[in-house]
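Full structure from sequences and hints, please.
Residue numbers (the numbering used here), protein chains in the order written: chain D, 179 to 468; chain C, 179 to 468; chain A, 179 to 468; chain V, 179 to 468.
Treat the hints with care, since some could be wrong.
Just so you know, same-sequence chains aren't split out, so a pair can sit in one copy or run between any two.
[Claimed, not checked] Only pairs whose alpha carbons sit at most 27 Å apart, straight line, appear in this in silico DSS-like list of lysine-lysine:
1) Lys324 to Lys307
2) Lys215 to Lys307
3) Lys215 to Lys302
4) Lys365 to Lys302
5) Lys352 to Lys324
Hints were generated in silico from the structure; no laboratory data involved.
4 protein chains.
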Amino acid sequence: MPSEADRCPSRWGEGDERGSANLISPSSILEAMKLVKSGEVFELGEVLSRDPEVSYINNNRVFNLYTKTTIPQPDTRRSNEELVITELGQIGTQLDGFTHQMYGDSFYNCFKYDDISGRYGFQKLGVEKIGALISRGILIDIAGLKGVDTIDPDYMITVSDLQQALQRQNLEIKEGDAILIHTGWGKHRGRDNTLYGSSSPGIGEEAGQWLAQQHPLLIGADNCCVEFRTDQNRNLNVHAIMLIQHGIYLIENMELAALADAGGGEFLFIAQPLKLKGATGSAVAPLAIR
Amino acid sequence: MPSEADRCPSRWGEGDERGSANLISPSSILEAMKLVKSGEVFELGEVLSRDPEVSYINNNRVFNLYTKTTIPQPDTRRSNEELVITELGQIGTQLDGFTHQMYGDSFYNCFKYDDISGRYGFQKLGVEKIGALISRGILIDIAGLKGVDTIDPDYMITVSDLQQALQRQNLEIKEGDAILIHTGWGKHRGRDNTLYGSSSPGIGEEAGQWLAQQHPLLIGADNCCVEFRTDQNRNLNVHAIMLIQHGIYLIENMELAALADAGGGEFLFIAQPLKLKGATGSAVAPLAIR
Amino acid sequence: MPSEADRCPSRWGEGDERGSANLISPSSILEAMKLVKSGEVFELGEVLSRDPEVSYINNNRVFNLYTKTTIPQPDTRRSNEELVITELGQIGTQLDGFTHQMYGDSFYNCFKYDDISGRYGFQKLGVEKIGALISRGILIDIAGLKGVDTIDPDYMITVSDLQQALQRQNLEIKEGDAILIHTGWGKHRGRDNTLYGSSSPGIGEEAGQWLAQQHPLLIGADNCCVEFRTDQNRNLNVHAIMLIQHGIYLIENMELAALADAGGGEFLFIAQPLKLKGATGSAVAPLAIR
Amino acid sequence: MPSEADRCPSRWGEGDERGSANLISPSSILEAMKLVKSGEVFELGEVLSRDPEVSYINNNRVFNLYTKTTIPQPDTRRSNEELVITELGQIGTQLDGFTHQMYGDSFYNCFKYDDISGRYGFQKLGVEKIGALISRGILIDIAGLKGVDTIDPDYMITVSDLQQALQRQNLEIKEGDAILIHTGWGKHRGRDNTLYGSSSPGIGEEAGQWLAQQHPLLIGADNCCVEFRTDQNRNLNVHAIMLIQHGIYLIENMELAALADAGGGEFLFIAQPLKLKGATGSAVAPLAIR
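Right, here's the structure in full:
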């Protein structure tokens, strides 16, 4: 991690809480809209369930949903609800916000733990500050590049992999993009969650640094952590690079198979994080529209 | 409520679980996209907080968020999360799905309580079946029609009000629209929640029937219940008409002031409900884009 | 289950909500106190933890404890708490109250589901009505009778087993007793919870009926269900006999090994259920004092 | 707070986690049992409910109980449970354990925050280490001494008050006692919780120091905090004296009116904290038996 003097204030200025979301503007949205040609929608969020045969829940996290039902009465309208108990900012297909990660006691833009933490959410950098994420999206298909269903559980994606995949797909990264990385590993999610959770083949630190230099809006992937993580290597340096150093969002556990099967390419990307005051992130159900 | 023979199967056929969401198609999406002229975005979802000065929480419901923090360590990356406990399908700006309401033991399309209910979510009609709601949106500005900040707490909106407001705004309803009704009542939310929750000035049963006949995708409003509700009248007949009889979604507690101030009109509407398996609805953070 | 005419009102009269707890009186307490000879205390409750190597949590139930910590400040007093989320009436070493079980729509003393149920607890028969359970206790050592560490996972305890064990231990049952049955199966709890939860060797229906005729205060055991339960036989008839028909409490998942090792016999028994309004039971930490 | 060198190790030795609970022995229990003359039981715990007309819940804490019900089926036995969400260690009539309070980063017996804290409970000093609290109990009736229903909301009990009340009641404190202080303030609990929570008339620091020197097992009272607390004075020094410096337990929000009405005096005291691994305390339902 660079020194605080080197990384703060961020490129968005002292006190900024939104990082790369500042890249979104009416004109960038109009540009992104132009990518919609057929109106085809790809749902990139997974179903959330307590059933491990449906959803992947990280170790030590919970997703529990309890029906608050009312008993039917003849010829009477009645209501049902449900109580949900979960790490809502960090569950399922999830957007990582900036309070999710700190280095020492320092967050993105050098907000300090003692100044912003609290029992009931953070006072600064909460996910409610972000707003909707609307941008050009691109899918970098690493599984496609390698000609495999999924890359191996211990494979670390390199800068060269990213560059080759972009070339193969005739794509280039633009500032403000939602960059989605298809590893294929997501095929195990909801099918063999133990396997899925045991590893996260993904980008390494070098690839993360290179991506950050392209100034994307966010990096997403179809694995637990966007980045490479194994039982032996749990340092999550890319989390630190993106969320602390550069103010770039991450989206984990995405459903990218259908989009990859359909050729990926570029598209309109939209994600609507819930406005959970002071939260570290939000479960999301993002879209690609082509 | 019409007899089961009269209302089932629904116009979408026996076994259908998605109701008006069936109106969304690639071509309807392309049409809706054309409404974006300037790229201006309106956030229609409220911030969710346990603080009653920020968010309105219905009586008997909870929204609690607890930071799961880790203690900072020098020169070390660490993570924070949060535990959220809430009626997630029926909290804040919320999409009501079909299991939220039943008449006797019967839901939309005559699914039966004994067949589909369970302790941990419903087996049918869950919000995870809906997918993203993308459509043309229109704002019917009743407060504007009346020339007031907000309509009175005990005012019931009529068919004539809706028709006059549409005429005044030079708008017409099209099949598949997201119809948002600006009452102005939302100005009290987060400012005087006791007042806000004490009443829900909105459409009456007659207006609800008329709207249903236009075959919208959903009806939203800036009050607690979309429809008229007071302490004396809590029958919520419009809930029954929309969610049980016709399979049309509702969105409650919307933030519509900025959109109304900007002239409302027609726009691209997008809402991404969380894919909560078996849930009765979802908190949402919908968008209008013009 | 006998007909309602045959079982209601209960022997404690119409409207009674406390069942066998009515057997406790100042004089019965004084008698029970006389059993204390040495002041030796046996803790009969298990530790409650989310860690499966510590505690057994029934399938589909949760026990989650989250520290609500404050960050230390030099030379300053600060407080910590914890949030607990659990089926508190039915978790760990637990007292089953009368709303835990119903036959059709009918509970102990023929209270009816529609009359007493609610989303936030039952209006009648709640565990807060019981009060402390103070009585003579006896340990019937079935593992000791059989000369084994634990009876087999598919063994159903008979009336004859109970009678032989009592004779071997020179004990007799008295009205109002807390009868604790040592099967030895509890040795697996917290050590191999999968095995422990896979079966509940215990009393069968016949033995349950015989015990009920002795008018005990409660029946406890060192297994999940007091009574015999296997994957093939999950009818829990003894639950119905005790909780619905006779108004006799159950205590499950008890720690009885130390008491059995020390010879069991008779003792002062005390359990203090939490006064959870409308709950079906309570986690407890009961005592035997000799 | 004395220096660490002055207060550690505690009188129970380095590494001790049980503090005054070490005063309980078979002989002390036998002595306490002798105080039972008539078998009369006083329930000293309040009912726990989400209903503010029943129970007092501290600001920022929750007590929510949701019935997990099953739908009745004719001629079939079925089960009900409930989900409880609460600060279980610090709710209702509650035993404060040693991790509830720290001074700087230091707990009872100088255990350090960094060494023992965790997201899911404390590794040391958890309430599961205490065991049942069985001892002689005495009620010091300050309301009785003053001849009032309740002492004033801003009254701080002095050493002299305690000494006069003991003399008036012909009582003396013995080492290992459960000392219960009747202020009368508890009469407001469940009747006017806003008033009840607005103040805690109770012992001041001087009285706390004097009581600690008598080496009691615990101090309990019928107010929120055992000690004096007002909006202007929230230092809770007695918490620090008892829980951090001396290893003496506290019990808050007790029901003492009936016991005081019956003359108080000395009695057998029993409390069974739940064995919540790593928790800061436990809701309890203690007893006085005379």
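Hint check results:
no.: 1; hint: Lys324 to Lys307; result: neither (39 Å within a copy, 34 Å between copies)
no.: 2; hint: Lys215 to Lys307; result: between (31 Å within a copy, 25 Å between copies)
no.: 3; hint: Lys215 to Lys302; result: neither (39 Å within a copy, 33 Å between copies)
no.: 4; hint: Lys365 to Lys302; result: between (36 Å within a copy, 25 Å between copies)
no.: 5; hint: Lys352 to Lys324; result: within (24 Å within a copy, 47 Å between copies)
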